[in-house]
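Taken in order, these protein sequences are the chains called A and B. Residue numbers for the first sequence follow this note's numbering, so the first one is 1 and each next one is one higher. Residue numbers for the second sequence follow this note's numbering, so the first one is 310 and each next one is one higher.
No wet-lab data here; the hints were simulated from the structure. Hints should not be assumed to be uniformly reliable.
[As the list claims (entries may be wrong)] Derived contacts from chain A toward chain B, CB cut-off under 10 Å, selection only:
no.: 1; residue: Asn25
no.: 2; residue: Ala59
no.: 3; residue: Arg63
no.: 4; residue: Ala80
no.: 5; residue: Leu89
no.: 6; residue: Glu100
no.: 7; residue: Arg129
no.: 8; residue: Met279
no.: 9; residue: Glu280
Please read all numbers here as calculations on a predicted model, not as lab measurements. The beta-carbon is built from N, C-alpha and C at its ideal position, and this holds for glycine as well.
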Amino acid sequence: MQKYAVETCGLTRRFGARLAVDDLNLLAPEGGVYGFLGPNGAGKTTTIRMLLGLIRPDAGEVRLFGAPLAADRLSLIRMAGALVESPSLYPHLTGRENLEVTRRLLGAPRGLIDDALGVVKLAQDADRRVREYSTGMRQRLGLALALLNKPRLLVLDEPTNGLDPAGIHEMRELIRRLPVEFGATVFLSSHLLSEVEQIAGHIGIIHQGRLLFQGALAELQARRREHLTVGVKQSEQAMRCLGAAGWDAQRRDDGLLAVSAATPDAAARINSLLVSQGMEVFHIALAQASLEDIFLTLTGGRNETRRAA
Amino acid sequence: MMSLIRVLHAETLKLKRTLAFRMIFVAPLLVVALQFFIAWKQPRPGAEFNLWDMVARTSLSVWAVFMLPLLITLETALINGIEHGEKQWKHIFALPVPRHVVYAAKFLIAQALAAASTLILCAMTVVVGLAFTRLRPELPSGAIPFVWILKHAAFVWLASWLIIAIHIWVSVRWPGFALALGAGIGGTFFAIFAAGARVGKYYPWLLPVNVFMEERFTTALLLGAVGGLIAAVIGCVEFVRRDVV
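Same shape as in the complex, but just chain A (with noise of 0.2 Å):
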């Protein structure tokens, strides 16, 4: 039987009258990397610090490693550690002395500490102060307090946000170690698709609070195959004719019309059709799905409220 190391049942919170998570039932399952995948306000950090006992769902359940959250949350949250946005750190202390902050509320051993700056290649650097350290080492040491206790689930919330490429890079490849080296389940949030796609095993998509997609990666790049994007300076014409043709259209913020067809064959005809009926074509193209398309794709064009920002 699969096991889960996350597990959510009907999650629900409002903050006021904004319901930034409704009814998520997530299942991440163990082992492997996790990407929870949605746009900048969908709901991804409500989730974590929901998953991490920091706020309490108005309605649903948390489930860790099987276990209800509510129930046992120091004991399940021993077995987590977590980067929940930016690193907290304290500036006017070293790397190491970070470290040992948090050890000692843990009452972790202290070799641990030299295990985690090695896994993030900050050895060199644990004596320094945090507050002349980058971006890049300070979201590293963000990881090394993440992993100090060596946690079999790793919650990370956004953790190549303000890096640049090279610390990108570095960051990715250290996340991917992380299952195979250490065992871990990895829960990771993004708002970007080309990260996530190229260390994630399962995905789920979450947009307005809603879990829109949760499955495989495999799964998730079949459905994205299927995309074109044209370019037709009669958009509204182009929709109704291409729907009338039994292609589903729908119009990008960038004024391009996504497009429910993947295949050379499909985009001469579709080509052929709108030029036919008097149309000017500019631009067609096999699609290199974005997360907008994915969206556009799963919410069938429900978007109203993200596409009118």
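Could you slot chain B onto chain A? The hints should help.
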């Protein structure tokens, strides 16, 4: 209990290189510097005068009415400010540490800093007194009143627990120094007006100095220490229930 010891152990490391730690020396130094000036300018005294009475009483009174409340304001704002700076609360609460233990540790650390600083004041007061027995040998002195100094230092400290509880709650609840310092300075400032009034007997920022008044002594000690513990528990309950967003 073990988790409290662990959190206190971590708190002591956080104090390293901080102003909060340096202030426990600076605050009493300011008071004894003032004390030194007063003793230096002391006119030829009457027959009743005793150097140690003057030095010890002035030192602890200035400490109780003015410097200790301000020190508590600053210390609590600093020890909780470092948790607001980079949103450390979310990291701490994602660790297997009960929230009430984190709050209790903050309260105990603030108490310990106030106690340490008060003890340093006692030591500095004795040094200043000894210096004046040499510098102005004409001033009548006597035996060093160790017991009186330590006893009253302990009373002042116990009566300050309510201020500590108020400031821990304020500085944990709201990030930024402005509100925490505003509350402390405001509280100390209004103490000047409350001192003569009947309400002065119960005014939190006056409780430490009230221990020197016979008619207010018991209230100051009970309201300060027991009231402080009750206020800390109330603050803790609010802290435990709050979301960390």
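Verification of the supplied hints:
Proximity of asparagine 25 of chain A to chain B is violated relative to the hint, the smallest CB-CB distance being about 22 Å (cut-off 10 Å). Taking 10 Å as the C-beta cut-off, the interface hint given for alanine 59 of chain A is violated, the closest approach to chain B being about 15 Å. For the restraint placing arginine 63 of chain A at the interface with chain B, the shortest Cβ-Cβ distance is roughly 17 Å, beyond the 10 Å limit, so the hint is violated. Interface hint at alanine 80 of chain A: satisfied, since its Cβ lies 7 Å from the closest Cβ of chain B, which is below the 10 Å cut-off.
Interface restraint check: leucine 89 of chain A against chain B, minimum CB-CB distance 6 Å, threshold 10 Å, status holds. Interface restraint check for glutamate 100 of chain A: the shortest CB-CB distance to chain B comes to about 6 Å, inside 10 Å, so the restraint holds. Satisfaction of the interface hint for arginine 129 of chain A is found here, the shortest Cβ-Cβ separation to chain B being roughly 8 Å, below the 10 Å cut-off. For methionine 279 of chain A, the shortest C-beta to C-beta distance to chain B is roughly 49 Å, which exceeds 10 Å, and the interface hint is violated.
Restraint check, glutamate 280 of chain A versus chain B: the minimum CB separation of about 50 Å is more than 10 Å; hint violated.
Violated hints for the displayed structure, listed by number in ascending order: 1, 2, 3, 8 and 9.
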